[in-house]
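All chains should be built: construct the whole structure from the sequences, respecting the hints.
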Amino acid sequence: MAKRLVPLLNRVLVEKIVPPSKTNAGILLPEKSTKLNSGKVVAVGHGVRDKEGKFIPVTVKEGDTVLLPDYGGNEVKLGDKEYHLYRDEDILGTLHD
Amino acid sequence: MAKRLVPLLNRVLVEKIVPPSKTNAGILLPEKSTKLNSGKVVAVGHGVRDKEGKFIPVTVKEGDTVLLPDYGGNEVKLGDKEYHLYRDEDILGTLHD
Amino acid sequence: MAKRLVPLLNRVLVEKIVPPSKTNAGILLPEKSTKLNSGKVVAVGHGVRDKEGKFIPVTVKEGDTVLLPDYGGNEVKLGDKEYHLYRDEDILGTLHD
Amino acid sequence: MAKRLVPLLNRVLVEKIVPPSKTNAGILLPEKSTKLNSGKVVAVGHGVRDKEGKFIPVTVKEGDTVLLPDYGGNEVKLGDKEYHLYRDEDILGTLHD
Amino acid sequence: MAKRLVPLLNRVLVEKIVPPSKTNAGILLPEKSTKLNSGKVVAVGHGVRDKEGKFIPVTVKEGDTVLLPDYGGNEVKLGDKEYHLYRDEDILGTLHD
Amino acid sequence: MAKRLVPLLNRVLVEKIVPPSKTNAGILLPEKSTKLNSGKVVAVGHGVRDKEGKFIPVTVKEGDTVLLPDYGGNEVKLGDKEYHLYRDEDILGTLHD
Amino acid sequence: MAKRLVPLLNRVLVEKIVPPSKTNAGILLPEKSTKLNSGKVVAVGHGVRDKEGKFIPVTVKEGDTVLLPDYGGNEVKLGDKEYHLYRDEDILGTLHD
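Protein chains in written order, with this note's numbering: chain A, 1 to 97; chain S, 1 to 97; chain C, 1 to 97; chain R, 1 to 97; chain Y, 1 to 97; chain H, 1 to 97; chain L, 1 to 97.
In silico DSBU-like pairs for lysine-lysine, Cα to Cα no more than 30 Å straight-line:
| hint | chain 1 | residue 1 | chain 2 | residue 2 |
| --- | --- | --- | --- | --- |
| 1 | C | K81 | Y | K3 |
| 2 | C | K40 | C | K16 |
| 3 | S | K61 | C | K51 |
| 4 | C | K40 | C | K81 |
| 5 | H | K61 | R | K3 |
| 6 | L | K81 | L | K3 |
| 7 | R | K54 | A | K54 |
Estimated spans, in silico, between C-beta atoms of each pair:
| hint | chain 1 | residue 1 | chain 2 | residue 2 | range |
| --- | --- | --- | --- | --- | --- |
| 8 | Y | G72 | C | G47 | 23 to 33 Å |
| 9 | L | H46 | S | R4 | 54 to 64 Å |
| 10 | L | K16 | S | K54 | 43 to 53 Å |
| 11 | H | R49 | R | D90 | 22 to 32 Å |
| 12 | L | G72 | R | D90 | 23 to 33 Å |
| 13 | L | H96 | Y | D50 | 34 to 44 Å |
| 14 | Y | E62 | C | D97 | 15 to 25 Å |
| 15 | C | I56 | Y | D90 | 20 to 30 Å |
| 16 | C | H46 | H | E75 | 48 to 58 Å |
| 17 | Y | E62 | C | G47 | 27 to 37 Å |
| 18 | Y | D90 | R | D90 | 31 to 41 Å |
| 19 | L | H46 | R | I17 | 49 to 59 Å |
| 20 | L | G63 | Y | L36 | 20 to 30 Å |
It is worth saying that the hints were derived from the structure and are not from the lab.
Keep in mind the model is a prediction, meaning the values are calculated, not measured.
Heads up, the beta-carbon is just placed ideally off N, CA and C, and yes, glycines get one too.
Right, here's the structure in full:
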């Protein structure tokens, strides 16, 4: 039974997208062409408080596909799935088709 | 006779949850599947003061199950029980069933 | 199929300009005379928030030719093209003919 | 003749509580069960000034039993007694029976 | 064809003044007497924004002769001329005859 | 002829009190019992300015006996006497009989 | 022909006072008794701006004799004279007869 994690402050819970290492036809892809460290946002915190005590909202939202930095993030295991926690300001951008 | 600890500022007193290392039926679980550094919040401080001198409340409360960072925290022994003190901003998230 | 990246905060997505290493007539240029670490701005973030919560706009805009620092920046591969992400404050200047 | 020390700013003068290393009946206690780095607050400073020049009071008061961090603090010898000076924000919590 | 560089934020583009290493009469000057790390300001940025969003102007202006620090600055090559970019606050002073 | 030093900002000029290393009767004191790093305040600066430009006064005053940290401070020789300069915030406390 | 240097921001141009290494009568002074790192203020900057954009004046003025820190400062050679540039906050105090 997997627990649900609600991130605190401006933390963002991300499920990494593992790129296919071969094409549908079974051809192995060279490692370089598949390397894009991206993930799906699963949950976001309420944000950090500004000086007046109001919460500054997190810039990404649940469901966003995000570009992640190469370093940092906390690995979290919930049930048998692996997630990563990032600070909102460390997420590089959002990805769109 | 165990003493009671009231954390100062935005510190949070946590009792770590030690995951069972084998199932009820006695089967040993591989270490990886059991690793989730979580704990139960036992007591919280009043928070730190903002610039107007008002206390910014701590984001977790007594009884919360929290996800803890892999490093940091001060080990505290009260009576024969072991606790850990964390700064509120270092707690990664709250866990829910 | 290349994804489109929208940079977060004050990040700037840049496509580096690779200087020709020989002239049109085919004469090899010495390395020194061609070294200018510049790029074309492809996309910019909304900026970071100031203390009142308003966004401080990024100082460069899409289409600008910019002078880049020798170090720093995150390499990003979108489709088969290579880009770099810089923080707005790390971009040294804009280049004009 | 011991001098009296008035701590400056948000410093707190603490007399450490040395736990008994054996019981009343003379049985030696294992080191682990006796380790709790605590002390009695002997004197506190006026606090540091906030931006309007008012003093932010120290969170502990004379007579409090406090939990101390494992590192830090300045050793001070007054007469033949040994004390320690801590910054208010470094004191972990107050202890109560 | 040399490009023109407009520095961003509080950056200052400087063309270094290379002191003559011999006198007009051809006498070699000892190295010590000629060492003054100075330059001519070629272009300045708009300055950085203060908390209200207004630009704080750069303290030097185009045409100023400035004293430069021994370390720091970014080397920039525009056309066949070499320049250096400094942050306004790193320029030590202005030089006058 | 000794010069007089007026400390700048929140600096405090202190003449260290060298504890007697033997009693009046000539008995050598063990080093431990004499170690208290204290001094007499000889002069204080005007303090540092707050954000409105007003000076925040220094917390100690001329004539105070102060407890000094074990490290830090600038040694200053005026005439044939040795003094030390400390930042106000580095002085641990005031000593009273 | 010596150039004149106008320091920027809160920088202070100082000409160091070299203490006589022997008395008028020609007796060599031991090094210790002559060591006081002092100088004469030759020029001061306009100061740094506070948050409202007004300049915070430098605490020393032209003609002051100042006590200098043992480390830091930028050596500057103007004509055949050697000077040093210090940040206002690094100057320890003013010296008076």
